[in-house]
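Student: In order, the protein sequences belong to chains C, D, U and E. In this text, residue positions in the first sequence follow my numbering: the first is 1, and each later residue adds one. In this text, residue positions in the second sequence follow my numbering: the first is 1, and each later residue adds one. In this text, residue positions in the third sequence follow my numbering: the first is 1, and each later residue adds one. In this text, residue positions in the fourth sequence follow my numbering: the first is 1, and each later residue adds one.
There may be inaccurate statements among the hints.
For lysine to aspartate or glutamate, the following EDC-like pairs were computed, each having C-alpha atoms within a straight-line distance of at most 16 Å [as the list claims (entries may be wrong)]: (1) K203(U) - E301(E); (2) K13(E) - E279(E); (3) K5(D) - E112(U); (4) K5(D) - E291(U); (5) K6(D) - D92(U); (6) K202(U) - E248(E); (7) K5(C) - E301(E); (8) K47(D) - E80(C).
The hints are simulated quantities; they were obtained by calculation from the structure and are not laboratory data. Note that the coordinates shown come from a computational prediction; the quantities given were computed from them, not determined experimentally.
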Amino acid sequence: MSKKKKIGAEVISQRLLAEGIMDLRLRTSLAEDAKPGQFIGVYPQNKSTLLPRPISICGYDRENKELRIVYRIAGSGTAEFALYQEGDNTDILGVLGNGFPLDKAAGKRVVIIGGGIGVPPLLGLAKELSENAASKPESVTMVMGYRNADTFLTDEFENYGKLLIATEDGSIGTKGNVIDACKENGVEADVIYACGPMPMLRGVAAYAKEIGAKAYISLEERMACGVGACLGCICKTKEVDDHSHVKNARICTDGPVFDADDLEL
Amino acid sequence: MSKKKKIGAEVISQRLLAEGIMDLRLRTSLAEDAKPGQFIGVYPQNKSTLLPRPISICGYDRENKELRIVYRIAGSGTAEFALYQEGDNTDILGVLGNGFPLDKAAGKRVVIIGGGIGVPPLLGLAKELSENAASKPESVTMVMGYRNADTFLTDEFENYGKLLIATEDGSIGTKGNVIDACKENGVEADVIYACGPMPMLRGVAAYAKEIGAKAYISLEERMACGVGACLGCICKTKEVDDHSHVKNARICTDGPVFDADDLEL
Amino acid sequence: MNTSVNIAGVTFKNPVMTASGTFGSGMEYAEFVDLNRLGAVVTKGVANVPWPGNPTPRVAEVYGGMLNAIGLQNPGVDVMIERDLPFLKDFDTKVIVNVCGKSTQDYVDVVERLADQDSVHMLEINVSCPNVKEGGIAFGQNPDALFEITKEIKKHAKQPIIMKLSPNVTSIAEMARAAEAAGSDAISLINTITGMKIDIYKKTFAIANKTGGLSGPAIKPVAVRMVYEASHAVKIPVIGMGGIATAEDAIEFMLAGATGVAVGAMNFHNPYATIEVIEGIERYMSGQGIENINEIIGAVE
Amino acid sequence: MNTSVNIAGVTFKNPVMTASGTFGSGMEYAEFVDLNRLGAVVTKGVANVPWPGNPTPRVAEVYGGMLNAIGLQNPGVDVMIERDLPFLKDFDTKVIVNVCGKSTQDYVDVVERLADQDSVHMLEINVSCPNVKEGGIAFGQNPDALFEITKEIKKHAKQPIIMKLSPNVTSIAEMARAAEAAGSDAISLINTITGMKIDIYKKTFAIANKTGGLSGPAIKPVAVRMVYEASHAVKIPVIGMGGIATAEDAIEFMLAGATGVAVGAMNFHNPYATIEVIEGIERYMSGQGIENINEIIGAVE
Ligand SMILES: Cc1cc2nc3c(=O)[nH]c(=O)nc-3n(C[C@H](O)[C@H](O)[C@H](O)COP(=O)(O)OP(=O)(O)OC[C@H]3O[C@@H](n4cnc5c(N)ncnc54)[C@H](O)[C@@H]3O)c2cc1C
Ligand SMILES: Cc1cc2nc3c(=O)[nH]c(=O)nc-3n(C[C@H](O)[C@H](O)[C@H](O)COP(=O)(O)OP(=O)(O)OC[C@H]3O[C@@H](n4cnc5c(N)ncnc54)[C@H](O)[C@@H]3O)c2cc1C
Ligand SMILES: Cc1cc2nc3c(=O)[nH]c(=O)nc-3n(C[C@H](O)[C@H](O)[C@H](O)COP(=O)(O)O)c2cc1C
Ligand SMILES: Cc1cc2nc3c(=O)[nH]c(=O)nc-3n(C[C@H](O)[C@H](O)[C@H](O)COP(=O)(O)O)c2cc1C
Ligand code: FES
Ligand code: FES
Chain C
1 MSKKKKIGAE VISQRLLAEG IMDLRLRTSL AEDAKPGQFI GVYPQNKSTL
51 LPRPISICGY DRENKELRIV YRIAGSGTAE FALYQEGDNT DILGVLGNGF
101 PLDKAAGKRV VIIGGGIGVP PLLGLAKELS ENAASKPESV TMVMGYRNAD
151 TFLTDEFENY GKLLIATEDG SIGTKGNVID ACKENGVEAD VIYACGPMPM
201 LRGVAAYAKE IGAKAYISLE ERMACGVGAC LGCICKTKEV DDHSHVKNAR
251 ICTDGPVFDA DDLEL
Chain D
1 MSKKKKIGAE VISQRLLAEG IMDLRLRTSL AEDAKPGQFI GVYPQNKSTL
51 LPRPISICGY DRENKELRIV YRIAGSGTAE FALYQEGDNT DILGVLGNGF
101 PLDKAAGKRV VIIGGGIGVP PLLGLAKELS ENAASKPESV TMVMGYRNAD
151 TFLTDEFENY GKLLIATEDG SIGTKGNVID ACKENGVEAD VIYACGPMPM
201 LRGVAAYAKE IGAKAYISLE ERMACGVGAC LGCICKTKEV DDHSHVKNAR
251 ICTDGPVFDA DDLEL
Chain U
1 MNTSVNIAGV TFKNPVMTAS GTFGSGMEYA EFVDLNRLGA VVTKGVANVP
51 WPGNPTPRVA EVYGGMLNAI GLQNPGVDVM IERDLPFLKD FDTKVIVNVC
101 GKSTQDYVDV VERLADQDSV HMLEINVSCP NVKEGGIAFG QNPDALFEIT
151 KEIKKHAKQP IIMKLSPNVT SIAEMARAAE AAGSDAISLI NTITGMKIDI
201 YKKTFAIANK TGGLSGPAIK PVAVRMVYEA SHAVKIPVIG MGGIATAEDA
251 IEFMLAGATG VAVGAMNFHN PYATIEVIEG IERYMSGQGI ENINEIIGAV
301 E
Chain E
1 MNTSVNIAGV TFKNPVMTAS GTFGSGMEYA EFVDLNRLGA VVTKGVANVP
51 WPGNPTPRVA EVYGGMLNAI GLQNPGVDVM IERDLPFLKD FDTKVIVNVC
101 GKSTQDYVDV VERLADQDSV HMLEINVSCP NVKEGGIAFG QNPDALFEIT
151 KEIKKHAKQP IIMKLSPNVT SIAEMARAAE AAGSDAISLI NTITGMKIDI
201 YKKTFAIANK TGGLSGPAIK PVAVRMVYEA SHAVKIPVIG MGGIATAEDA
251 IEFMLAGATG VAVGAMNFHN PYATIEVIEG IERYMSGQGI ENINEIIGAV
301 E
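Whenever a hint applies, use it, and build me the whole structure from the sequences.
Tutor: Structure, rendered in structure tokens:
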């Protein structure tokens, strides 16, 4: 693994994917080190805001040094990013975080579960699992939850296996959340990878227990440094860990992906 | 006179005039109210800097709503302005200040003296005096001081009368300052208009006394509001004035142009 | 929708005021803003006699804000009565006169001169200006001194008084309690935080007075915290200020416990800021289904 | 060109350090920065036993800076001795361990445990963290308490000590004098200024602890002022921090009176900040014809 860097990146393209959801491709050497489930920090130019915005890696083309992020316009930083156009430059910090443990998938029935803006990092995971011989699963099912019919990335997920959709308003797929969709479809799994809001992740962890699967879930927390130095972004673990010695893992470096069994959710 | 405004302006063009000196033309309705010796506040976009930059009006085309400013890159705000290109937008505050008292020029031998970045506002003055019948002077002499041969606006001044140049290094015109140039050329005057650094303005005031002329000089001071509210930009006056009642005039509203006789220089 | 608030018996059409010293006496900004729309105009500090203030440079820009050391230049209370109050009387807004002094007697003199001025609705007593050597700050940094001067001023004031507190203290709650105990009708905070800027090339202070008061968005988190602490320490109403630029900022202060809010240095960045804050508060209220603005005061506990 | 400074008998190759809590124990930023180039690495605060810290959210962004209420999470001094100090020993830089505690005895325990650690060159005593209820801040806001704890720690410390002062006080000069009188070898300032941020849509505090410490460029003018006041109040050396992002910022602190300077929150904005500050100071010195960096310390009076 190469060193983390703060580095300039050039915008290759940007487009609107769904209401308030942007798809941004960057040219950066960081792509060479990217793994699914990792993230980068994107720095706004606006000098009133100094902290990097953590955004998951949605996809990468290592050879062409392309990194893809898909994000929701949530505040001043992402609103600024949404204005970037081809040829613009931006500063990014990365590659950050551990990423999904691919090796756990080998030969297993894998289910990938995403909700809302937790969906994008799972696309990179689905792609990697389909392409990477070493971690080839027995099967891959994907379950993605959206608010309504304004979904995004679904066409791309379909390239990598069976896709189930849940929508809150029932306009597409199962009416309800991703767990409802899993149950409705009797989804079975040995290994679950998930990313989404905390209530969903709690549901996933419980469902995994129920069906006897391992769950690897990606968490979110407010961050400052992004590199494990400030202790801003901790989550509670069941056991005392090596770093903190107080049952606090750093999401930015020890995570963002954790074995659900290790967490106090 | 119309009300002061904070208003968006569109960049018509920008070019480099001399090393570190920029010539920026803006499309703005404020041009309709502009007078020589007045200034505008230009707001940087950089959110770490919130105060407007006071920049003198160098020229204006009232009909086409064009305002011209010529400024030196002196810090972060002006460095940002220097990057503006045709079609960019910027916020400006104006029109600010009193401007030169044109009526004092009517039928008089007028001398216009400028030094360094005090030169630009005098171009607008020279033009107005040459065009405005009501304030037509008997004669106009212009004396501009620069550091070296890297002068600016001299070709344009020459359209409006006799131009004398002083350079610190003697590479063009008189070696020395503007007062040296006046003395060397035996410049006579009834009325002097001047803008430049404080030591020069003190010299101008003394020279005016010597030759029995009235001097109207434009001052500079650090400003916050630009509209007379904060009392940040005062200069010392000889008499108690109506506003402050403590011999402090506000350069941004009572000035920037003052009768030198009224000031405690 | 009800946007009016009551502070010490005075009703303001909305909670949005101007911060003293950043809005002249209203005249300068009347070109930009319809003063009739403001909750109140708070004037520049006025003393018993004219004050010349400090030498220049008096202002300097810093990251996200500015330093000032005007030094309370003012034309004296007589000029205020002859010139500024008649001007303000014609507007449908409340008028709060900010009062400064060097001694207790100075303050009392001003307060007494203003006693019969009907157009003055409240008095804001500035005991927190960091920029004058012998000025009010001595009163503003010591709870006993604050108590004494508040008590004395209260004896002479005909209008309700607002003691304006300094943030340059260890415990703002203690200062708030001292003001309340001495009978202040309300408090306002924060005044500027003492700061310094040095020009490393000229090797001089950016402000002739060496230090200046820091204001602007940079100080907002400190101001919100102090408004929260002060409003939880006393029962009298609190007027909050410090870096307010937008309606969101103003609402943050109100949720923290402010009944009134004032826009200061950001008038210089955006002369329309006060009006935009008023309009933004109304939008927030309708967006959130809030009928009465008083519901949001201190609503985050 | 001489960029080395001496603080309480310890020689630093340059005045640039890391601010405690913003640089881990150096390990995390070693990927970005050659630690050998730093004047010193100042570690995250460490207590006698592991501390879990505060609930999340612990950090929030504000205009020109951030709030934090980490609450001094730390793995305890034993882990520091077994893991962090051996790591740091391999670098050619000075190591300053930041010490926190809830009682005088807590501090003394840590100081004694570190007494025989040769790789620790100085101890910075954090009596100014605003984010722990029973923590050091009580010592940091009262000159008598500061005097007592300093005296007690000084009795037990083998390395020279630096008392780290809180800006949340009425008189920083008084605090500096108390630390000096009790025998502190140096002082550092400022720790964060207590602030608050409220999310007006969620109607909650942005930081779970309600208040957090404000740091970053927003606080620089306050920090420079306090460094100036403190360094004029005492003879012991001062280490300055608060919003330093560039060499210009660092030089401003030194001109105001700081012998050392630390980069804190701005490491998060620019992980190379420390190195850029070091290089920028050298450029400034050659540009200004300054041979010895000690010439600029306190040069603006
Ligand atoms: C590991 C990780 C991966 C993420 N991946 C994605 C992604 O792929 N796509 C996506 O749209 N969003 C993602 N997020 C959330 C994203 O970081 C926030 O939406 C973003 O920071 C908002 O910034 P802003 O300036 O627009 O909002 P503002 O509200 O203006 O931001 C203010 C501050 O709060 C922080 N902040 C605000 N919301 C969040 C949040 N939900 N999580 C963490 N910090 C926040 C910002 O970083 C900034 O420091 C991820 C968060 C984490 C922690
Ligand atoms: C009435 C008036 C008219 C002016 N006209 C011109 C002009 O036509 N052309 C021109 O090049 N310059 C002019 N100046 C000077 C110009 O305002 C400054 O050079 C400019 O503000 C520098 O901004 P900055 O952000 O680049 O520098 P910075 O140093 O980064 O600015 C920091 C702060 O200091 C203020 N400041 C810095 N230098 C000055 C200065 N000399 N005078 C006043 N404020 C200053 C800035 O406005 C800002 O608030 C004028 C000044 C005044 C008062
Ligand atoms: C230029 C200027 C002048 C000020 N003059 C006064 C004053 O006369 N009396 C007073 O009580 N406060 C004065 N203040 C303080 C403001 O009223 C306000 O308390 C402070 O600036 C914080 O608010 P802000 O960040 O919105 O500016 C002044 C502030 C500035 C910037
Ligand atoms: C995330 C964070 C954690 C901190 N932890 C500590 C600490 O453990 N001990 C301490 O003395 N100061 C701590 N501080 C304060 C900094 O060392 C520094 O004094 C302050 O942040 C001001 O400097 P800055 O503006 O450059 O960040 C912390 C600051 C931050 C931002
Ligand atoms: S964000 Fe700093 S430790 Fe994770
Ligand atoms: S800049 Fe505010 S009064 Fe002139």
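Student: Please go over all the hints and tell whether each is borne out by the structure.
Tutor: Each hint, compared with the structure:
1. K203(U) - E301(E): holds (9 Å)
2. K13(E) - E279(E): holds (13 Å)
3. K5(D) - E112(U): Outside the cut-off at roughly 38 Å; violated.
4. K5(D) - E291(U): Violated. K5(D) to E291(U) sits at ~34 Å, over the 16 Å cutoff.
5. K6(D) - D92(U): Violated - the C-alpha atoms of D92(U) and K6(D) are around 24 Å apart, more than 16 Å.
6. K202(U) - E248(E): holds (12 Å)
7. K5(C) - E301(E): violated (40 Å)
8. K47(D) - E80(C): holds (13 Å)
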